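Protein chains in written order, with numbering that gives the first Met the number 0: chain P, 0 to 350; chain G, 0 to 294.
There may be inaccurate statements among the hints.
Claimed, not checked - Computed spacing ranges between beta-carbons, pair by pair: (1) Gln232(P) to Phe43(G): 47 to 55 Å; (2) Val276(G) to Thr122(P): 58 to 66 Å; (3) Arg121(P) to Pro80(G): 53 to 61 Å; (4) Gly177(P) to Arg48(G): 24 to 32 Å; (5) Ala72(G) to Arg143(P): 46 to 54 Å; (6) Arg121(P) to Arg48(G): 20 to 28 Å.
Because the hints were derived from the structure by calculation, they are not lab data. Model, not experiment: these values are computed from the prediction. Think of the CB as a built atom: it goes at the ideal place given N, C-alpha and C, for glycine as much as any other residue.
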Amino acid sequence: MAKWSSKAVPEAVIELNQVSKSYGSGAMAVKALSGLNLSVPRGCLYGLLGPNGAGKTTSLRILSTLLEPDSGTVRVGGLDALVQPRQVRELLGYVAQDVAIDKILSGRELLQLQGDLYHLDRTYRDRRITELAAVLGMVDWLDRRCGTYSGGMRRRLDLAAGLLHRPAVLVLDEPTVGLDIESRAAIWRVLAQLRDQGTTVLLSSHYLEEVDALADELAIIDGGKVIAAGSPQVLKAALGGDRVTLRVREFSDEPEALRVQLLLQACAGVRQVVVNRSQGFSLNLVVEHDGVVEQLRQQLKQADLPVFALAQSKPSLDDVYLQATGRTLMDAELAIAGQRDPKAERKQAMR
Amino acid sequence: MTISSATDPATPTLAPAPATPASTPRSAFSDLSQETLALTRRLFLQLARRPSTLVAGVLQPLIWLVLFGALFANAPAGLLPEGMSYGRFLGAGVIVFTAFSGALNAGLPVMFDREFGFLNRLLVAPLRSRSSIVMASVLYITSLSLVQSLAIIATAALLGYGWPGGAGLLLVLVILLLLVFAVTAMSLGLAFALPGHIELIAVIFVANLPLLFASTALAPISFMPTWLGWLAALNPLTFAIEPIRAVYAGHFSLGEVVLVAPYGSLTGAACLGVLAVLALGLFLLIRPLLDRKLT
């Protein structure tokens, strides 16, 4: 297993301070990180949440020593990643977003290669492969060529590769994107086990429910910087109130939705009334307590407006994101989707 | 909601990390050997499971040998030095071409690793030295090129185009080794300099046949127009072909003239020196590029 620095073990295992990174130069430069600060406590399962293009992958690539930042400091386990990259690599297990496997090799051969690159003793390496194959449900297919694997199998193999040398810090970039339920559950279970055994896990995701379910703490990243950080419970509780989604009819039109918005905004105990155009002109609002909902119903009745659907829920991480950025995570994803250039991104990832 | 790690008792769980690490102190050489051999083994496993590269690498020069040997079997007497048969003359050229073609492809696996992200997997590992990635490629392509060349040497002997003898064979392999090192360095440099495999394959296509035709592989310099004779006399392939031809003719020695070029005569030692300087020079030339891409 990788060892910590001989110095006193710091409370924060991962520390990124004022990290900035741009791709390209001049007018074509794209700023990926703008003074990002991140502090991950030891033994924590830490989520990095944000829409595509927010800077998550760039942060993790800098952390894993694949990229150098333009400015800022990066420390892992007390070591400066820019000064002692090899020692940092020994501490880290990195599971990349795009699974890079050799289709000609079998899964076992790929893991053996990985073990040799981490200079593991052969006997220990093979024993560890057997252990991981059992834990990640790979026994039946590990000796088949990687080219025959499904996406879920590849992800599990890649996770096994990241865990082979028992890293003190495991970094995963969107490890469950596009996975079947069985594979996702297997990965979630292993991540929880690792956290319980003291491994620090940093997980990036744009799945709200994944971060909410797994993370002890999280940072929400947008536009290349952290816009909120803390435990999911604390962040959600800090918002206060309940979230209500209201539809007066199955298919409302905009004038009616705006009329209802004006009506609701005038109600005591109601705030942040937003017309959700992408959801058929439904209305999203925050109510300060349960009693407000009943008052709302009365107001609508007096205004001769029906209630087709009304859903009340506690704040979610999406609400945390909405509060911090003024848009939902889904809207942010949609806004960025048309602007991304997969070819340019592939080039950025190439050495 | 928080996911629990508690599982069904039948579900295997990760064993906790041992209190003391299992690893023992290792030397840098031991680490370097382990990573280099592992990377080389991967390339050979790929070759064993997709042997078409190996087969094509032997078949193509073999076809050259048979077809060109037959085409010019009745070449006028006096065309070739020392009245040798065309088949025997061609043998040295085809052997060098085999090694050259194999080495020219050295950059392709590296390029594919760059494109598909596998190189990043290697670069996040705590390699003792990232030169192990280059060393593995050199080891692999050198072995492959020499095996292919040996197959051609054996076939040429069976076709009656001569056999260099035991010591001669060793000399031929040394000459090929120098050429393979030089061309491998160039190909690896291109693999890191060019943006993708399409561009690399284009360069390989463009370089391959013109370099063969602008050398003494198929015809002696005396048979060429002056401008082509100059090109052939400067072509690195010629510096490998002529000493090998001398070995096959049974009169190679370091001090003996093996290449009569427009700019003067070169001995066997001079040809080997040119190849050695070329190999070293190319590795030194690509080193800054490799340092930039691999650090």
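Structure-based check of all given hints:
1. Gln232(P) to Phe43(G): 47 to 55 Å: holds, 53 Å
2. Val276(G) to Thr122(P): 58 to 66 Å: With Cβ atoms ~46 Å apart, the hint is violated.
3. Arg121(P) to Pro80(G): 53 to 61 Å: holds, 55 Å
4. Gly177(P) to Arg48(G): 24 to 32 Å: 28 Å Cβ-Cβ, so the 24 to 32 Å window holds.
5. Ala72(G) to Arg143(P): 46 to 54 Å: Once the Cβ atoms are compared, 51 Å apart, the range 46 to 54 Å for Arg143(P) and Ala72(G) holds.
6. Arg121(P) to Arg48(G): 20 to 28 Å: Since the Cβ atoms of Arg121(P) and Arg48(G) sit about 22 Å apart, the hinted range of 20 to 28 Å holds.
The structure fails hint 2 only (numbered hints given earlier).
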